[in-house]
Amino acid sequence: MKESYFERFHPAAGCHFSWPGRKNIETGLQKKARDLGFVALGFAAVGPSQTDGILRDWLKRGYSAGMDYLVRHADLRADPRHLEPKTRTVIMAAARYPRNTRPGHGFSTYARGLDYHEVLRSKLRALSDWLGRQRQTTATRICVDSAPLAEREWALRAGIGWRGRQGQLVRTDAGCCLVLGAILTDLELHPTPRISNRCGACRKCLHVCPTGALQPDGTVDARRCISYLTIEHKGPLPLEVRPRMGAALFGCDLCTAICPWNRFGNRNVLPEFHAWPMPTAAECLQMTPMEFRARFADSPVFRTG
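At position 81 of the sequence shown the residue is numbered 164 (our numbering), and the sequence of numbers has no breaks.
Don't take every hint at face value.
Straight line, CA to CA, 35 Å or less: simulated DSBU-like cross-link-like pairs of lysine-lysine [unchecked claim]: (1) K114 x K169; (2) K114 x K317; (3) K169 x K287; (4) K143 x K169.
Simulated from the structure, these hints should not be mistaken for lab results.
Keep in mind it's a predicted model, so treat the numbers as computed, not measured.
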């Protein structure tokens, strides 16, 4: 990683000065993140969202389907300082889960291990505690799908990867099977350079989607997305999509599993995400509520009920 530095304007002296040892904070955080199992950690200076207009247009087109919370919280997503007013830096982290060797069947691979919300939150808390021991912070907030934060945008701005045509973040050394977490901090850290898009002419993810959920402009129509329909959607499935859903029970993975960059990433899978054996559809139907709780209590699947 490129050595970083930190300078802050001193209003009284009218000049710039460097905090002692500050130049090592970013590299220290990145080393600590690697020790915790993250494949990448980056920093972005806080500011207004650069994709707010895209989000608003996406919502107007109805692409959010039944995810009404995205509409309700749209204003909050416009700037991380709406969540934590003292934020000066958004720290973004990415962890790798296994590539699905049978996408479109059963459960998404991110759901076959421990719940990534809890795993990432615990690791980010350890990272935040380490940061607090190095420099005093007065405002820190951890976000793992727990707050209206435009996580993918901030991951792009923090140099975690580039945005693939299927909407997922992609890295050359970790593919696109990634989950994200954030730390909002009042410390000013040197931003990480962005990564240029390396999808080239590849359109495999667009061609593999059986329902036409992936749009030419890089957005996703959730009304047609198998992942949305098997995880978030409440009520009967749309008739026109049912024949194309195949054997998916929770998630899909077709557009992520096919990405050529994944061939470099499986060695970086977080141990907590290694796949457990999963029940078949018939076994799921036979489960009592107590059996369901016992089987999926520590899994993302539990949230479906």
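Against the structure, the hints:
For the proposed pair K114 and K169, the alpha carbon gap of about 25 Å is at most 35 Å, so the pair holds. Between K114 and K317, the direct Cα distance comes to roughly 42 Å. Violation of the 35 Å bound is thereby established for this hinted pair. Distance restraint check for K169 and K287: the Cα-Cα separation of roughly 42 Å exceeds the 35 Å cut-off, and the hinted pair is therefore not satisfied. Straight-line distance between C-alpha atoms of K143 and K169 comes to about 31 Å, which keeps the hinted pair within the 35 Å bound.
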